[in-house]
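First to last, the sequence lines map onto chains Y and V. For the first sequence, the numbering used here begins at 1 and goes up steadily by one. For the second sequence, the numbering used here begins at 1 and goes up steadily by one.
Derived pair list, reagent style DSS-like, types lysine-lysine, alpha-carbon separation capped at 25 Å: (1) Y:K650 <-> Y:K393; (2) V:K192 <-> Y:K137; (3) Y:K68 <-> V:K192; (4) Y:K22 <-> V:K192.
In case anyone wonders, no lab produced these hints; they're calculated from the structure.
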Amino acid sequence: MYSGTIIEFEKGWKLLETGVSKITRILEEETTSETPVDPEQYLGIYTTIYNMCNQKHPYDYSQRLYHKYHDVVERYAKKTVLPSIQQKHDEYFLKELSRRWDHYKVFVKWLSNFFTYLERFFISQRNYPSLLEVAMKSFRDFVYLEVQANAKDVVIALIDKEREGGEIDRALLKNISDIFVQIGIGTIERYETDLEMFLLQHTASYYGRKASRWIQEDSCPEYMIKSEESLRKEKERVTHYLHSTTEPKLVEIVQKELLVSVAKQLHSGCIELLRDDDKMDDLSRMYRLFSPIPKGLEPVADVFRLHVTREGNALVKQAQDAATNGSVGEEQGLVGKIIDLHDKYMVYVTDCFQNHTLFHKALKEAFEIFCNKKVAERSSAELLANFCDNLLKKSGKSDEAIEATIDNVVKLLDYISDKDLFAEFYRKKLARRLLFDRKVNKEHEISILTKIKRLQGGQYTSKMEGMMTDMEVGKEFQKGFEGSLPAKPGGIDMAVTVLNSRFWPSYKTSSDINLPRDMLECVDAFTSYYGEKTRMRKLRWIYSLGTCHVIGRFDQKPIELVLSTYQAVVLCLFNNAERITYQEMIEQVNLSHEDLVRVLTSLSCAKYKILKKEPVSKTISTTDVFEFNSEFTNGMRRIRVSLPLVDDRKKVVEDVGFDRRHAVDASIVRIMKSRKVLPHQQLVSQCVEQLSRTFKPDIKLIKQRIEDLITREYLERDAENPQIFKYVA
Amino acid sequence: MNSIIAVFHQYSKTSSNLIDPQGIVLLCSDLDVSRTDITILMLAWKMKAEKQGYFTQEEWTRGLMALRADTLDKLRKALPELEKEVRTPSNFADFYAYTFRYSLTEKEQESIDIETICQLLDIVVGSTFRPQVDYFVEYLKIQNDYKVINMDQWMGFYRFCNEISFPDMSEYNPGPAWPLLLNNFVEWIRDKQA
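Could you build all of it, start to finish, from the sequences and the hints given here?
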């Protein structure tokens, strides 16, 4: 060990050989208690190599030692490792390969321990392949290449066995798989080409066969359960004994064979599942299975959309049929049913389809189709407005229930294309509620407007909100009015509500009606008070909306009659006369014929006969004579004599049509002003888009308005191309 | 005695009456010994020389008398015996410690920089514990915790070589017995072996 003594190669090598043989022997015997090399021997061998490398020329043996290392490793692989593996078959073949691989690694490790010095100073200097690399290459060239094909076959056979339910040695497979990976020496190519590729091919045909069988034997839910289970098992397989990069490739193959290839059948199975209310689990499974597949969910969303559309259409048809058959009010129930349908399928979207946008979209599109169908001449906008009216008049439902229904209504409104029509109907009904109903549920009224505003914008609800404000302001004003009077004008209590004509629906003025004198006093008093308190405002009296409480002094007992002002005015005529003919009445009161007929019907031919009519009949004729019915009595002390309302539905539709024409005009002008020149097609489509928030304009209407605007010289056609329009400044 | 001094004067500088580094170079050449050889350190130890690179007349005399050498030739022949003597287990521990102290060149200096330590390790114990020294030197060069080594760590390494089997190091127990430097060293090797 004294530095100075030259170690000759053969001598030095002999020492090494003893170490090598010892390791080999111990590995063969697999006696784990003995460490292959004891410290003293190790020290000796290490130092020997060190010295042999540092000796002066011609005794520096670094190169020769490197070659010797190479030889030792190669010899071990060829003579010890390979033969023992080749003697075995099947699973024993794999086991031996695995065992030999482990041994080989230990062998190389110890050998490298000896040669560390060589690695650090000689190999790195010359940039030669490292000790480990040399060892790996030897194993690869002399063992792996000979056995890999066989190994691959056995591995695949074992995997198939596990697929069919057999138990296999997973740790063994993991070790073998690792060999394929590590033998790539830095790349995963060997694993991919020698094992993975074949496994994938094999898996494809395996699941191809399964798919054909299962699709014939099993129902759609069962098939899906099996598919999901197969996918899970394959993923598990990868985590247990394959390289992680195999997972996406394997999953893709299984998906392709089990799902993509039979997608059509599964999708038609989906239709059945939707028809049954109890199949949420299966639908969720279908979503889970198709969601990772590119473009996998689109067909499912389509099926869903078609189904919901069919259900919705069925409800609408039901209502339409009922209407034609004469049953009244069926269409009222329709809105409630549509709301229920929406709730039901929204649950599907959130639970089964995980709130995916495709399915939200499908639901929306479906609803947009059938929510815009007419039932018995009434558009859905009108039906929805009626529904709201009923909802807000109702008491007895809890606050939460009403709020929940309001939420549903607002959602439905979004699907309706004639939103402007809805606004009009709603406004009319709101006016009635505010003016005639004793109990106005202010919270709910405000709540529904706020919610609509959130979705549709402030402009949409501005008029309705104005109406609500008017009522509040009116109350304050009324207090001021009462406070200002020394005594009741005409001896009557009068309350006036001032409506801002911008917000409220338009009503016919009825200031032509002849009021009795005491009422006139009230009207004058208020008019002058109003004139003092405001500037530049004009009051228009609309008595048709008023309510009057009149005491009828009947023979038996006085009864308070709650009437409309028109009815009160007619009745008050009888304060001064016993019998009045129709002709006299119409002259004195100055109502229109239609109005007077309505009033008299309600007073003499309806539930309460306040007036006696000669001759007695169901209808009013211009020759009738009327007399106060002093014998009238009723158990109650106060009764309301209702005056049936005029059906102004046609008017509403007309008004909206009128507004729409204006809106289209404005939109066309706006577009042309900014674009100056535009072809017909684009003008139409932009116009539709601009207005889509409020209503769906008819193409014919747009064309009509364009031509009208040309006549009014806002636009002109291009001289060369009549398809193009130009803005006329 | 006079001849010892006579030999002394062959290498010493008259002005200082010391053998200085240049003198030592000549001495080594005449003794047929490399300057970086452990032999010169052993000689210094025998002389109980205090300052590295210098021999005083007193130290020189002490050493050569102990070696019973009064001529250069006798000195040369005494060297193998000297080595044997140093390498006895009891002496070697003392010698090993001495080499550390001998390398402290400045007054008040208590530790030695890594570079010097690596050279020292190679000279002093390189031939006896080649693998440990190789690994330790590599470790010292790449670690960042210590820039200098103190006596405790120096001695700790010697103990490590003697008590712990290499490369399995199964008896090594990272406790208060070992300096932190060696704990890190062992951990580093274990990581490498994995």
